[in-house]
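Model the full structure from these sequences, guided by the hints.
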Amino acid sequence: MRYPYSCLRQYLQQPFSPEELILWLDTLGLSPQVIKSDPEDLVLEIETPANRPDLLSLIGLARAIAPFGRLTVQLPRCCFAEDLQEVFPVNIENIEDCLYYSCRVMRGVKVAPSPSALKDTVEKLGFRSSLNVVDLSNLVMAETGQPLHVFDLDRICKKITVRRAFSGEKIITLDGRQRLLDNDILVIADEEKSVALAGIMGGANSEVTNQTVNLLIESAVFSPGRIRRGSKKLGLSTEAALRFEKGIDPQTACFGLERLISLIKEMAGGHIGPVSWTGEREKKLSAVELDAEHLQTFLGSEIPGDFLTELFSQSGFSVTRKGNVYQVTIPSFRNDIQDEVDLIEEVAKYWTYERIPSCFPSVEIIPTPTSRQYLLLERIQDIMMRLGCTEVITSSLIPEDWEKFCPDKCIPIVNPLSQNASRLRSCLIPGLLEVVRFNLTRGRENMQLFELGTVYQYQESAEKLSLGLVVYRDKAFFTLKGIVESFFAECGIFSLEWKSSTGCLENLGQLVEIEWKKGKTGYLVLPGEKVLKFFDIGSAVAVGEIFVEGLEEQLFRIKKFVPPPRFPSSRRDFSFIFSENVVWPEVEKILRNLHLPVESIDVFDTYQGEKISPGCLSISFSVIFRHPERTLLAEEVEEFTRLIAKTLEENFSARIRQ
Amino acid sequence: MDWQELLRKIEEIKKQAAGEMSRISEASEKEQWRIKYLGRKGHLHQLTSLVGKAPLQLRRKLGAEINNLKQYLLALYQEKKEAIRDTGFLNVSLPGHRVSSGQLHPLTTATREMVKIFTRMGFGVYTGPDMETDYYNFEALNMPANHPARDMWDTFYLNEEGTRLLRTHTSPVQIRVMEKITPPFRIIAVGRCFRRDPLDASHSPVFHQMEGLMVGSDICFSHLKGILIHFCQEFFGHGIKVKFSPSYFPFTEPSAEVSISCVICGGTGCTTCSRKGWLEILGCGMVHPRVFQAVGYEKDKIRGFAFGMGVERIAMLRHGITDIRFFLQNDLRFIQQVSS
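Protein chains in written order, with my numbering: chain A, 1 to 658; chain B, 1 to 340.
Don't take each hint at face value.
According to the in silico footprint, chain A covers these stretches of chain B (three or more CB under 8 Å from chain A) [as the list claims (entries may be wrong)]:
#1 96-106
#2 119-128
#3 213-222
#4 243-253
Result set (PhoX-like, lysine-lysine): computed pairs, CA atoms no more than 20 Å apart in a straight line [said to hold, decoys possible]:
#5 Lys36/A x Lys276/B
#6 Lys349/A x Lys243/B
#7 Lys646/A x Lys589/A
#8 Lys80/B x Lys70/B
#9 Lys589/A x Lys518/A
#10 Lys481/A x Lys499/A
Estimated spans, in silico, between C-beta atoms of each pair [to be verified]:
#11 Asp151/B x Pro412/A: 20 to 26 Å
#12 Arg281/A x Thr119/B: 53 to 59 Å
#13 Lys159/A x Asp300/B: 48 to 54 Å
#14 Asp536/A x Ala83/B: 53 to 59 Å
#15 Lys36/B x Arg473/A: 52 to 58 Å
#16 Gly615/A x Thr119/B: 57 to 63 Å
#17 Arg592/A x Arg333/B: 42 to 48 Å
#18 Glu79/B x Lys611/A: 50 to 56 Å
#19 Asp151/B x Glu20/A: 29 to 35 Å
Hint data in this document are derived by calculation from the structure and do not stem from the laboratory.
Glycine included, C-beta positions come from ideal geometry on N, C-alpha and C.
Set out below in structure tokens:
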């Protein structure tokens, strides 16, 4: 709803300026937005907190600003006489659903379109103008916060019952739509049918028209939870539902009814029946204690007693004081105040947060440890960055048609915004390929990317941390393999096993599994045609995932220092032609088994092509020899070299490349 | 030429040669200098030719002075020769060879910077699961079923009953931490959150938050202000102003919203701050006693404050990023520009 300055002014005895109004609302944190500002009037919208239904009314807002300007709130007058005997029978099926229900009969009312002054006011308040009695009911809702409903009395059969809808029951609401109901939804019914969705919207079958002369006017207090459930279920949020789901008090219901009757009588005449009501009319006012000492220690600011007593009385709270303790009786319209902290907040708001000093707490140094999980994140990000990879962060919610590119099933979202974000990713691969596609279309050529993110497992219904990698460039696979090897080397792991025999993932491509200590610790994929076509990427791409959670111990290990060797090393380079399906780790193993003083064996080049026979592969590698206790002689190294050449010839039929 | 004049001239050449040499930074210039002073038609040679014309009694003295000068010039030349490598012509205007290294995502760099400010004040860092239960995301945070405040967070559900969901904020970590450790403590939590908000320039259904919680027996609102003002000034610069205004969250009371003076216009009003001069950046408050009750703390003896902020929003304001979609889109031009 909207709050016109001109309307608000009517509920306060003393004058105040539009500028003051905006300042006060700002101070209360209600974020006033100016909708219209001209010399005649100022119209505002505000952000009302979920716990303040009272602010959804002009009187409520007047009460909220009154303490700032020491203003006095004046309630509008209700003036009429009952001249009918007719008590309409009402009944509540379950008091849990409806705390209080009341109504009055009015007969002989001149229902007509609203006069222009009323129409203007109602529109200024943000409602659409309609017939006079309907507009007046909206006006009273805006004034008091009490939603009211006007039925055509002649279309209601005998009596009113507040009950749950039957399963499968149908009603056409005032917006012309048919609604299918169930037992969760509360309705207002007469003896034959439902005539309204309680607290949400009236039914077309009892709607007031310009033919109407007799009215039944309802003012009730429905259960907030019940109205909220109904409104959610039907997907129907109305001004009335918004107020009921936050809580209305019976006093407001009584006052709202009297005010509406009085206005209808004044504008459209008619005879008035007595109130018929059921439920609980009197709500016991709650009293909350505020200890001034608590207030001070809670806020860190001393607030004078005079300020408190004046604020409470200005806000309509009655207060008695015993020493440091204030006994505050809370008016029924402030259902948000239940505990001492609520009063503390109330005081802080009017004292203003700005006036509360700021300072640092003085505390004992009791170390609060940082979780390993967070340290793990930082550690891995740093390693990957050092290895020349750039970090990307993609969405956890992926399109339905990406699921086929994940090795595992994905957890579906029950209420997704769209099919494009309807699954929780079970791997990082498709997201990374999408990033490659996105950047390729923007002219990027080479990419080395990583993502360290959560993946969600369908089977275990659990989540785990995964390190996704993608390389887009020449020799993508070996670049990626090198990055993975370097990553594991950083973890102190040099004994990975690469299993290319595990085959192929139908939609993704050729799979290479990475094992460490006989456990699967990740995998690489050479994407196949299907996925490359889907993401519109050339073939120079390789992707993979490393399951980092098992590596925690390795990543946090304390490195032990080994003194650098004291004696010099000798390096010899070799170029051998092998069969193209040679298994390199086996070559290395056999060389190691010669038990020569070998420090390292490193491949630095491979060649396949015209210069050598087909089906062959030339591998160039260097061997570093070093003896821990002495300098190796040149003749010894030559001997080792001959031995290596001989071994390779004998075991792999390898030939020295000339 | 009289004797005195000759000596002055030698001094002058010394001074001039040293001055010129000091300005030389290239091998070619150094050679020109050598020719000018030590060359066959150079200053030294000219002086030497004067020796023969000098009166006999002065020849020795003059010779010694000229030799001094020669040694001095040779030393200057040698010194420069050792300083400049003679590599032929070097066109230093050509671009350097850029080193390409890996970079962190702007969300990571922003998170780390925020984390650092708090860890310097002794806060520990925690994380929690993205897939949460209704209890941790709402109920334990003083939002029982059908609480109207639940509308503040539009939620993605993982089951029909609505008991399993994607967390809408990092606040569940507060509960999980309090269940595990006893006060006093101070922690922050970082992580991914989900809200059922359609994607636009300022909303993303997947985003990140940083949460903070400090609990002890004598924590008060003034401390909340002190810590958060310090954070804002460390992160956005010490010139900014920080404002606290009332707000509502079911899990804090009193609740506040923190705004900083607009980082774009400095507070005079612009489109970024909707002409208000202030930018809302985080929500906070004193932990509601019912939250302490939910985790089994003695609510009358324990007090604390909590705060939460969107990492994307904070990073956007800091770097002048106008669209939240940049973060998950991963345009490498964006990442490389913003990442530090």
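Tested hints:
For the stretch 96-106 of chain B, the stated coverage by chain A is satisfied: 6 residues place a CB nearer than 8 Å to a CB of that chain, which reaches the threshold of 3. Only when three residues or more bring their CB closer than 8 Å to a CB of chain A does the claim for the stretch 119-128 of chain B stand; here the count is 7, and the claim holds. Against chain A, the stretch 213-222 of chain B contributes 7 residues with a C-beta closer than 8 Å to a partner C-beta. That satisfies the three-residue criterion, and the hint holds. Note: the stretch 243-253 of chain B has 8 residues with beta-carbon separation from chain A under 8 Å; the three-residue rule is met and the coverage holds.
Taken as a hint, the Lys36/A and Lys276/B pair is honoured in the structure, with Cα atoms around 17 Å apart against an allowance of 20 Å. The suggested pairing of Lys349/A with Lys243/B holds, with an alpha-carbon distance near 13 Å, which does not exceed 20 Å. A C-alpha spacing of about 15 Å is found between Lys646/A and Lys589/A, which places the hinted pair at or below 20 Å, so the restraint holds. Between Lys80/B and Lys70/B the alpha-carbon distance is near 16 Å, which keeps this suggested pair within the 20 Å criterion.
The straight-line distance between the Cα atoms of Lys589/A and Lys518/A is roughly 18 Å, inside the 20 Å bound, and the hint therefore holds. A hinted pair counts as satisfied when its Cα atoms are at most 20 Å apart, and Lys481/A with Lys499/A qualifies at roughly 12 Å. In this structure, Asp151/B and Pro412/A meet the distance hint of 20 to 26 Å, their C-beta atoms being roughly 24 Å apart. Between Arg281/A and Thr119/B the CB atoms are about 58 Å apart, so this pair conforms to the stated range of 53 to 59 Å.
For the hinted restraint 48 to 54 Å between Lys159/A and Asp300/B, the CB-CB distance of approximately 51 Å keeps it satisfied. Remark: the range hint 53 to 59 Å for Asp536/A to Ala83/B is upheld by a beta-carbon distance near 56 Å. The hinted window of 52 to 58 Å between Lys36/B and Arg473/A holds, with their beta carbons roughly 54 Å apart. About 59 Å separates the C-beta atoms of Gly615/A and Thr119/B, a value consistent with the hinted range of 57 to 63 Å.
Checked against the hint of 42 to 48 Å, the pair Arg592/A and Arg333/B passes, with Cβ atoms roughly 47 Å apart. Between Glu79/B and Lys611/A, the C-beta spacing of about 53 Å keeps the proposed range 50 to 56 Å intact. Taking the beta carbon of each, Asp151/B and Glu20/A are about 31 Å apart, inside 29 to 35 Å as hinted.
In this structure, none of the earlier numbered hints is contradicted; all agree with it.
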